[in-house]
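Novice: Let's have the full structure, built from the sequences with the hints guiding it.
For the sequence shown, the numbering used here begins at 1 and goes up steadily by one.
Check the hints yourself; a few may be wrong.
Said to hold, decoys possible - PhoX-like mimics (lysine-lysine), calculated; alpha carbons at most 25 Å apart, straight line:
(1) Lys147 / Lys219
(2) Lys63 / Lys74
(3) Lys236 / Lys219
(4) Lys223 / Lys237
(5) Lys163 / Lys74
(6) Lys42 / Lys5
(7) Lys163 / Lys90
(8) Lys147 / Lys42
(9) Lys13 / Lys57
(10) Lys163 / Lys57
(11) Lys90 / Lys13
(12) Lys74 / Lys57
(13) Lys147 / Lys5
Honestly, the hints are just simulated from the structure, not real lab data.
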Amino acid sequence: MNPTKFFVPAFLKAINDNTEQSFRNIVSEPSPGIFVFEMLQKDFCEALLEEIENFEKWVTEAKFRIMRPNTMNKYGAVLDDFGFETMLDKLMEGFIRPLSRVFFAEVGGSTLDSHHGFVVEYGQDRDVDLGFHVDDSEVTLNVCLGKQFSGGELFFRGTRCEKHVNTGTQSEEIFDYSHAPGQAVLHRGRHRHGSRATTSGHRINLLLWCRSSVFREMKRYQKDFPSWCGECNREKKERQRSSIATRLDIFRRESESTA
1 MNPTKFFVPA FLKAINDNTE QSFRNIVSEP SPGIFVFEML QKDFCEALLE
51 EIENFEKWVT EAKFRIMRPN TMNKYGAVLD DFGFETMLDK LMEGFIRPLS
101 RVFFAEVGGS TLDSHHGFVV EYGQDRDVDL GFHVDDSEVT LNVCLGKQFS
151 GGELFFRGTR CEKHVNTGTQ SEEIFDYSHA PGQAVLHRGR HRHGSRATTS
201 GHRINLLLWC RSSVFREMKR YQKDFPSWCG ECNREKKERQ RSSIATRLDI
251 FRRESESTA
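Specialist: In structure tokens, the structure reads:
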């Protein structure tokens with residue numbers, strides 16, 4: 001981990017300053033809970049791509065079977081499996097956890113303590129798109145490494161708890177995000193999303209699923225609704241509106257009876 005060679009100066013300065021304002025100075029929030037910022041230098045992206053290609057070449061020549069990133073991606077590799085585990089731990093602890101502490105405190109952002117790091121590949125002779133899903137993470141970092149491509153936009157459709165993961169999408173929850181090399185998007189793992197077809201070229205992204213064992217243990221005992229679930233919040237507001245309307249109706253009828 002060599003921060004001055006990995007990260008763009010603005011991102012590194014924000015992390016070193018380590019304040020909420022310094023983070024907000026470098027990020028945009030084009031849709032609630034989705035944070036976009038410039039992160040990786042071009043030279044580092046190219047070096048990481050070269051290492052990945054060397055690994056894939058060795059796998060092919062050795063006819064060695066490797067674990068792919070997850071059940072949905074048939075192409076790509078788990079970075080922890082060939083020497084990146086320590087680097088990715090430092091990336092999570094020193095650079096993603098400070099951001100998550102500010103932006104995702106309600107889902108364990110300040111207590112991230114494990115990760116699943118991998119790359120995914122899209123394009124000709126690779127995966128084409130990715131279906132609608134949620135991640136097995138509290139916070140997900142997604143950084144485009146390159147190369148030349150068109151299409152492949154991420155589409156987001158609202159954050160949901162386990163109970164409401166398949167519920168409908170509200171208009172304000174619809175957001176599409178276009179990748180750019182070196183640019184990162186940070187979001188809750190429970191933010192429903194997918195990837196549209198990469199229509200030309202070859203796109204490779206670095207994914208870091210960040211997890212909190214503390215948050216996962218606390219969820220086992222949670223009885224009230226999760227504040228970060230869009231559908232739970234809507235149900236709560238609807239109950240509140242119904243309760244207020246009922247009380248007003250009772251008050252109106254009592255007033256009429258005494259008039």
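Novice: Compare the structure with each hint and give your call.
Specialist: These are the hints, each one checked on the structure:
With a C-alpha separation of about 39 Å, the suggested pairing of Lys147 with Lys219 is violated against the 25 Å cut-off. The suggested pairing of Lys63 with Lys74 holds, with an alpha-carbon distance near 16 Å, which does not exceed 25 Å. The hinted pair formed by Lys236 and Lys219 meets the criterion: a straight-line CA distance of about 19 Å does not exceed 25 Å. For the proposed pair Lys223 and Lys237, the alpha carbon gap of about 18 Å is at most 25 Å, so the pair holds.
Distance check on the hinted pair: Lys163 and Lys74 sit about 28 Å apart at the alpha-carbon level, beyond 25 Å; violated. For the proposed pair Lys42 and Lys5, the alpha carbon gap of about 10 Å is at most 25 Å, so the pair holds. With a C-alpha separation of about 33 Å, the suggested pairing of Lys163 with Lys90 is violated against the 25 Å cut-off. With a C-alpha separation of about 11 Å, the suggested pair Lys147 and Lys42 falls inside the 25 Å cut-off, and the hint holds.
The hinted pair formed by Lys13 and Lys57 fails the criterion: a straight-line CA distance of about 37 Å is larger than 25 Å. For the hint linking Lys163 to Lys57, the alpha-carbon distance of about 43 Å lies beyond 25 Å, and the restraint is violated. Taking the CA atoms of Lys90 and Lys13, the gap is near 17 Å; set against the 25 Å cutoff, the hint holds. With a C-alpha separation of about 16 Å, the suggested pair Lys74 and Lys57 falls inside the 25 Å cut-off, and the hint holds.
At roughly 19 Å between alpha-carbon atoms, Lys147 and Lys5 fall within 25 Å of each other, so this suggested pair holds.
Violated hints, in rising order: 1, 5, 7, 9, 10; the structure is consistent with all others.
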